[in-house]
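Protein chains in written order, with my numbering: chain A, 1 to 227; chain R, 1 to 314.
Derived from the structure by calculation, the hints contain no laboratory data. Hints should not be assumed to be uniformly reliable.
Simulated restraints on C-beta separations [claimed, not checked]:
id : chain 1 : residue 1 : chain 2 : residue 2 : range
1  : R       : Asn-199   : A       : Leu-211   : 19 to 29 Å
2  : A       : Glu-125   : R       : Thr-202   : 41 to 51 Å
3  : R       : Gly-262   : A       : Lys-209   : 22 to 32 Å
4  : R       : Val-179   : A       : Asp-104   : 49 to 59 Å
5  : A       : Leu-122   : R       : Ser-209   : 41 to 51 Å
6  : R       : Arg-233   : A       : Glu-219   : 29 to 39 Å
Computed list of chain A residues with no C-beta within reach of chain R, every gap over 12 Å [said to hold, decoys possible]:
id : residue
7  : Met-1
8  : Leu-8
9  : Asp-10
10 : Asp-19
11 : Ile-30
12 : Tyr-51
13 : Lys-53
14 : Lys-87
15 : Glu-98
16 : Lys-109
17 : Met-137
18 : Arg-151
19 : Lys-200
20 : Ile-204
21 : Pro-206
A quick note: this is a predicted structure, and the numbers were derived from the prediction, not measured. By construction, the Cβ of each residue, glycine as well, lies at the ideal position given by its N, Cα and C atoms.
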Amino acid sequence: MIKNISNLGDASLYCNFGDEINQRINTNVIKYFKNIQKKKIKGINNLTPSYNKLIISFDLSLINFEDLKKKIEDINISDEDEIKNQKIIKIPICCDDEFALDIDRLSLKLNLSKEDIFKKYLDIEYFCYMTGFVAGMPFLGDIDNKLRLERLKTPRVNVPKGSIGITEQFANIYTFESPGGWNIIGNTPLKIFDQKNEIKPTLINPGDKVLFYQISKKEYLKFNDKK
Amino acid sequence: MTKNKIIVLREGINSTFQDLGRNNFYHIGLPFSGAMDKRNYLIANKLVGNQYNEAVIEFAYQGPLLKIEEGNINFAISGDVKFNIKKDDKLFNGQCYKTYFLSKNDEIDIISTNKSVYGYFAVSGGFELNKNFGSFSTTVRANVGSNNGNKLSKNEKFLIKDIINKNISKNIQYINSKVEYIRILKGTNFDYFSDNSINDLTSKKFIVSKLSDRMGMRLQGSKIKNMKETNIRSEGLVKGVIQVPADGDPIIMLSDHGTIGGYPKIAVVISADYDRLIQTPPGNTIKFKLIELKEAENLYKLYQMETENILNQI
Chain A
1 MIKNISNLGD
11 ASLYCNFGDE
21 INQRINTNVI
31 KYFKNIQKKK
41 IKGINNLTPS
51 YNKLIISFDL
61 SLINFEDLKK
71 KIEDINISDE
81 DEIKNQKIIK
91 IPICCDDEFA
101 LDIDRLSLKL
111 NLSKEDIFKK
121 YLDIEYFCYM
131 TGFVAGMPFL
141 GDIDNKLRLE
151 RLKTPRVNVP
161 KGSIGITEQF
171 ANIYTFESPG
181 GWNIIGNTPL
191 KIFDQKNEIK
201 PTLINPGDKV
211 LFYQISKKEY
221 LKFNDKK
Chain R
1 MTKNKIIVLR
11 EGINSTFQDL
21 GRNNFYHIGL
31 PFSGAMDKRN
41 YLIANKLVGN
51 QYNEAVIEFA
61 YQGPLLKIEE
71 GNINFAISGD
81 VKFNIKKDDK
91 LFNGQCYKTY
101 FLSKNDEIDI
111 ISTNKSVYGY
121 FAVSGGFELN
131 KNFGSFSTTV
141 RANVGSNNGN
151 KLSKNEKFLI
161 KDIINKNISK
171 NIQYINSKVE
181 YIRILKGTNF
191 DYFSDNSIND
201 LTSKKFIVSK
211 LSDRMGMRLQ
221 GSKIKNMKET
231 NIRSEGLVKG
241 VIQVPADGDP
251 IIMLSDHGTI
261 GGYPKIAVVI
271 SADYDRLIQT
281 PPGNTIKFKL
291 IELKEAENLY
301 KLYQMETENI
311 LNQI
């Protein structure tokens, strides 16, 4: 299922699973990721699954590219294998104007009412392709065809923490305040990354399913009191 | 029993606790982090008799001003660093790669790194800190690591574990080596770039920009021209990857880099040259040399042997 393995520098394998981005290819990436993680192969110090690639980083003092490449090529994973323990995670989202920073522009550009945009956004069960860039940030897909838009021409210097952004076929959640160019349509009060929880720091992991549900500003503000 | 305690009187520009880094969390978005200059990190710990994975204070440019508030410490500083010691009210210049024994009210003023970026302050026994995700290393952007994932700040106090050997006296003669070239391997998008740009990358000098930190080093010089696509599908990054965004100015990913990125990868800095790369200060220039994988692997063995030899002298 890996199309090709090349080296990325002298201490990483770059595994390409195909040029397209779809859930089938990504599911293969995730299956390899989970399988290799379980094997605890000596020398591997990091695995980075993404849409259609898996990067395997290793300690060059313990193993080298050729030897690790052979080990990875020997792994057998069938197309049929399912991802086990696939979870559905429900994410509250408040879409009031003060959180939906780009909604007016989106409404104009997509030629849809705000309500239509939110409805189309909330109607879909999302799939988590990968987690990263900053800690815990999930890359979710695929959003409705009618909502697909490129990112902002000039990225924001600061996207507020908890912001939910869309761009092209994907949605993400900003787990930290950070610069960013995605179109922001709402904000979640839910903690997506918890550095104090070392066993389960990330709420959403590659392969998980995600559903969004809308909450009012009042519920948003009270959300963290309830717990 | 009196605890050994230091207080931070001045925090410095970017002072953080670091160790050998954090494995196995790229997939949740946590970078490797760890000491930028691994060799100097190891030397500092060895000089004070520590295990190799003990936390040290890493500083950049200007370091902290520290005062012993309680007890005693043995410390050593590695790197190319100018610092003063105030011992029993007498002020004198400190020497890198040498252990010192200080007592209550003594001070260490780490003034600056010379023609380099990072330096290391290690104490015998190590700091009393908690690990986070298996490492002391601080990743400020994710608020992860010792000291709640924060840089050192003014008036913070830190406890130091009890010293077993009261007065270690060790020193080595070591000069941080400079290389003429930073050696690189072809990146996975090497063929996206024009022949002229590849030629420029491997023959012209690039200036290290001020916008460089633990996350990345930005370079300026000849614009690197992309002939194919200026964005790729987001995918994993590793330390040392040289990405080229649409503006044509290369960015090298460093220890605190984002784990995923969408710019084409023209090249990757070899592991053996990483310590020297990150010690190049803004305003200085670097030159790249393209080599093959086997050579990079051999150079890493050589780097490791050299490091072992230095550590064995201590």
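Going through the hints against the structure:
| no. | hint | in the structure |
| --- | --- | --- |
| 1 | R:Asn-199 / A:Leu-211: 19 to 29 Å | 52 Å, violated |
| 2 | A:Glu-125 / R:Thr-202: 41 to 51 Å | 49 Å, holds |
| 3 | R:Gly-262 / A:Lys-209: 22 to 32 Å | 24 Å, holds |
| 4 | R:Val-179 / A:Asp-104: 49 to 59 Å | 54 Å, holds |
| 5 | A:Leu-122 / R:Ser-209: 41 to 51 Å | 43 Å, holds |
| 6 | R:Arg-233 / A:Glu-219: 29 to 39 Å | 36 Å, holds |
| 7 | Met-1 | 17 Å, holds |
| 8 | Leu-8 | 6 Å, violated |
| 9 | Asp-10 | 4 Å, violated |
| 10 | Asp-19 | 8 Å, violated |
| 11 | Ile-30 | 10 Å, violated |
| 12 | Tyr-51 | 5 Å, violated |
| 13 | Lys-53 | 4 Å, violated |
| 14 | Lys-87 | 15 Å, holds |
| 15 | Glu-98 | 25 Å, holds |
| 16 | Lys-109 | 20 Å, holds |
| 17 | Met-137 | 6 Å, violated |
| 18 | Arg-151 | 10 Å, violated |
| 19 | Lys-200 | 10 Å, violated |
| 20 | Ile-204 | 10 Å, violated |
| 21 | Pro-206 | 7 Å, violated |
Comparing the model with each earlier hint shows violations of hints 1, 8, 9, 10, 11, 12, 13, 17, 18, 19, 20 and 21; every other hint is respected.
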